[in-house]
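Undergrad: As a plain string of letters, each chain reads:
Number of protein chains: 2
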Amino acid sequence: MSSPTSFQDHTRTLANAIRVLAMDGVQAANSGHPGLPMGMADVATVLFSKFLKFDAANPTWPDRDRFVLSGGHGSMLIYSLLWLNGYPKITLDDLKGFRQITSHCAGHPEYGMLPGIETTTGPLGQGLANAVGMAIGEKILAARFGDDLVNHKTYVFAGDGCLMEGISHEAIALAGRMKLNKLVLLWDDNHITIDGAVELSDATDQVKRFEAAGWATRRVDGHNADDIAAALDWAQNSDKPVMLACRTIIGFGSPKKAGSHKAHGEPLGADEVIATKKALGWPSTEPFVVPEEIVAEWRKVGSRGAEARKAWEARKAASPKAAEFDAAQIADVPQATLDALNAVKKKASEEKPAVATRKASEMALDAINTTWALTIGGSADLTPSNNTKTKDLVDITPEDFSGRYIHYGIREHAMAAAMNGLCLHGGVVPYGGTFLVFSDYCRHSIRLSSLMGIRVIYVMTHDSIGVGEDGPTHQPVEHVASLRAIPGLKVYRPGDVVETAECWADALSDKHAPALLVLSRQNMATFRTTHTEENLASKGAYVAADAEGAKVTFLATGSELELAFKARDLLAADNIPARVVSMPCWALFEKQSATYREAVLGPNTVKVAIEAGIQFGWDRYIGPNGAFVGMHGFGASGPAKEVYKHFAITAEAAAEAAKSALKG
Amino acid sequence: MSSPTSFQDHTRTLANAIRVLAMDGVQAANSGHPGLPMGMADVATVLFSKFLKFDAANPTWPDRDRFVLSGGHGSMLIYSLLWLNGYPKITLDDLKGFRQITSHCAGHPEYGMLPGIETTTGPLGQGLANAVGMAIGEKILAARFGDDLVNHKTYVFAGDGCLMEGISHEAIALAGRMKLNKLVLLWDDNHITIDGAVELSDATDQVKRFEAAGWATRRVDGHNADDIAAALDWAQNSDKPVMLACRTIIGFGSPKKAGSHKAHGEPLGADEVIATKKALGWPSTEPFVVPEEIVAEWRKVGSRGAEARKAWEARKAASPKAAEFDAAQIADVPQATLDALNAVKKKASEEKPAVATRKASEMALDAINTTWALTIGGSADLTPSNNTKTKDLVDITPEDFSGRYIHYGIREHAMAAAMNGLCLHGGVVPYGGTFLVFSDYCRHSIRLSSLMGIRVIYVMTHDSIGVGEDGPTHQPVEHVASLRAIPGLKVYRPGDVVETAECWADALSDKHAPALLVLSRQNMATFRTTHTEENLASKGAYVAADAEGAKVTFLATGSELELAFKARDLLAADNIPARVVSMPCWALFEKQSATYREAVLGPNTVKVAIEAGIQFGWDRYIGPNGAFVGMHGFGASGPAKEVYKHFAITAEAAAEAAKSALKG
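Listed in order, the protein sequences are those of chains A and B.
Heads up, the first sequence is in the UniProt record's numbering, so the first residue is 1 and it goes up one at a time.
Heads up, the second sequence is in the UniProt record's numbering, so the first residue is 1 and it goes up one at a time.
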């Protein structure tokens, strides 16, 4: 290390405030991770005090630099920074109450819980991939509004865990390809994981790896302020994304635990906390004591960007694009888009096309994309199958971000996480496609969309054994059920063009929940042949065909609605009146009144559910006397119609199931 | 390319048989992927005819080289190879019936459907990670039985899709760290993906990337037999895993579609098939015609290894380890292990320890690992949390594979897929741990364990809001439900040491299904205080406490059994007799007779389910008049007990729910 300088001393003093708060917070909670905040405190201090463009008093300033702590277990780092810099809401009591239900300082940083937390992190690698999405968002908005209004960086702290996770590969390769030169990753190169030394499980040359992915790299002494500053300075004008390999010591300052995995995920111990404070030359050994002058120095850091923010506000106010910019930030779906979707419905009810719902989704997207410039489409290399690219969408390329379509590559996980980042960045409304069976590959990012309550839209096609010839590996049977299980996620499985347009309208109208459209490969008939202005799908389920004196109710979704209607006809021929209920979205149906739900389900009828997936979850609606026509295991390879017959998912089987159930 | 040689001509002729069959198969099915088999045919031919150690007539020869087609969409490559080489079972009619229900040639290669298919592939990247597991398996067995009995390679074909997927990063880093020098990856470097050119979405320098991960690399002209052979020759004595970047032309031979993404995933068209055959100089333009002399040449290839296999059989027969070797291949759980687990049960029933089930699992593993040498443990860098490393297990290191514990790194996906590979390789019984919430990260590999029907055991700890302080990102609430949805997967959630030992015994006893143990972080009381020789958990559910004239049945799993017993006491105080049913494994319960199931559930009682997860799936058991005490959304950060209270998952709440339900 180079010899101390005044900048080094100043940085170290400020950084020690982070170390002290992190140690104390974890110690008070008797739970948490002191090692990362203590190791990365110097790097964070240089970043915040010299480089990060922010104004703590205005944490939603759209042109702020984004800071993402991908290793969310080091949450005391971000909580300390938020409090020291003077962000709104957070109090010293929150820090003291770290990891308690009453505190805003949850175990891991949670988006929406405190201003300044840009994304929920903890599941490793997610934050890094979110940051890639944010950096893409910046580029898109800069292309639209110019550097005057949009010109910020995205900084992300990532540790060995983040870099070992598969999602990191997808994310850094995507960033490299897209030449996201305003993205700066600071790797906490501390040589330690939970099991022990990194070398127990990894021997990757990370610098070389990032270079192979098209990044600029540089090694940094993570405890030398000048070296950190020089590297960040160098990073400012890169033409590639930047990875700074910051060699740090986990738990820096702790006499007994620094450099050891014992500093990672447990309190240092009361004695060691005191010993560390002494070793750091901290003026107090009492918990949560930060001298006023140090707080004051930090608060200066927190208001560093106030002038820049004001200047930006002035530029925006003077811009001819001010209104457009603000509208993009709010991102309410325009009435014109809803009208266009309504027109799609009307036309479909009249013309009754027999198309796959993936095609129906494309028709809805045509209406959406031509009336709302905020949507950013994409696919994980299944564009021609997912029907996600409408005719007016132009590719985004590394050289030109004025387009609206992203080729995410064969990277479902990074696509989902980048869409989270795009949405969190603001100014755009991301949707992206893959095969439903590969929802498994990005499931955790979908979960995080839900946990954060953000409007990310997943377009998942090839939704059942209707995939046909590709066989069991590509035929989702349990996926609809398993996705319905994610709290807050709106899983839609529409049954024709009309319902598909309705589901899209509903998805776009809700800014606080993600949506996942489950769409068929194969064609299906239009059953909504009478136009309604009302969005019926938004009730989650509704009566699609009634019958006087009904004895049977068929409950169906998507491609199986066609079978339900045929089964109804078969029963009618036997003088058994039957109803059909379409259930495109269970999550929405559960939000309806008990009266509505009971009426829709048909209280005095036998219920028969038809869905080309497994029964799991359906018992709630069919009850103990109902029946289920669907899958009971994995699928088979063959033409779709034959596979349906093979598994007895037919109108005849549904009619027979109803008759048996009626016999009891 | 260098000038043609006789080897080149010979190879090309044999390879063209693959091309012809692949084109014809896809054309007949009107579905499939001709591009990969046509592009990689020359590489495959050199590999099979010169290097791959195999004897087609004996496809389960334990010391055969493994061949994995990670890009399973190119399945006609492997089907053609199997038929041409003379593997058992597969017929020309199977090839003609490609992708039909009646054929053994499914859309993607399915393990168990045809001899010679080493693993089910199709979901990209999985085969590559399976191959890493197979190569680890080889090293472990070689360390145990010596080079005389175990000395084979693992070859894997992988395309750009496989290499873009995140799992590839985890797998190649793991392979690099473990120095799996008998693993050879042949990259189908064809510059094409479904959306178009690879450069649309990727600019990775793959050679550099693999080198960064510790692999040896070499560029190969994938249509030059000498170059391919030279590279494979070079690969034989590497001290690192080997990646050969085989530059190929997708759809090689097709005059109009070679080199284009149009050759990737659809039939070439009848005319183009004929044109291609002419361009290749093929003697017939009729479908599925391979001249007898070419078939005969291929059959010679298929029997190349017969002598080597016989010599191996002789060596094995003469080996003092022959019986041990054979037993390891069969891998039936020893009676001694089941006895040891029974002893764990007995001791626990007597001593009634209050421990977490993750600790209970460690106690079971102690019994298992000391009585059965075949188990190979591991964790995705959560060893001290998952309790997966028992005291007698020694780490496997790159230098010494005689140990039995793998530090998989922070790589859940590769761990799961490598465990699939270990199991498929044979001779070992893999188990591996992570936090339950991160089952999302490896979900697709778990699905493939189920689809293949293989005994891989997942140890998933920190199973609910009982995680406590780490908060919602780390608290699984929907995971148990979503895993129960996977067909064939045995999800166990045991409630004390006794049940945990029973679940382990059941998991080990079934060679044809994966198991996933859902285990608590927090302690819980022993409720199985009377020893039974019978494995009650293996029935899936059973009556844990009965009551005369019972009005209520509490259904519970895992840590909530304790609450069920307390709730039963509370109701008893109010003179309401209640039963407790433990339901550790729904999948097993569903296999019991209807009579058993009805009796266990208690036909004339109100059912109240208690589980610290969501309700999804429980309606099947509680019915329309029952109640559910559990989670209704994401969790919260705080000490576990407080979080339980916060969400009203308490004995009191369960008793109240029962009373309300009784009132109707």
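Worth flagging that the hints you see were computed from the coordinates, not collected in a lab.
Errors might be hidden in some of the hints.
Where chains are identical, the list cannot tell them apart; a pair therefore holds if satisfied intra-copy or between any two copies.
Taking lysine-lysine and the DSSO-like style, the derived pairs with C-alpha atoms no more than 30 angstroms apart in a straight line are [said to hold, decoys possible]:
| id | residue 1 | residue 2 |
| --- | --- | --- |
| 1 | 511 | 316 |
| 2 | 511 | 50 |
| 3 | 663 | 551 |
| 4 | 179 | 262 |
| 5 | 659 | 300 |
| 6 | 310 | 89 |
Undergrad: Could you run down the list of hints and mark each one as holding or not?
TA: Outcome of the hint check:
no.	hint	in the structure
1	511 with 316	within (24 angstroms within a copy, 66 angstroms between copies)
2	511 with 50	neither (35 angstroms within a copy, 60 angstroms between copies)
3	663 with 551	both (11 angstroms within a copy, 28 angstroms between copies)
4	179 with 262	between (38 angstroms within a copy, 28 angstroms between copies)
5	659 with 300	neither (76 angstroms within a copy, 60 angstroms between copies)
6	310 with 89	within (22 angstroms within a copy, 76 angstroms between copies)
The structure fails to meet hints 2, 5 from the earlier list, while all remaining hints are met.
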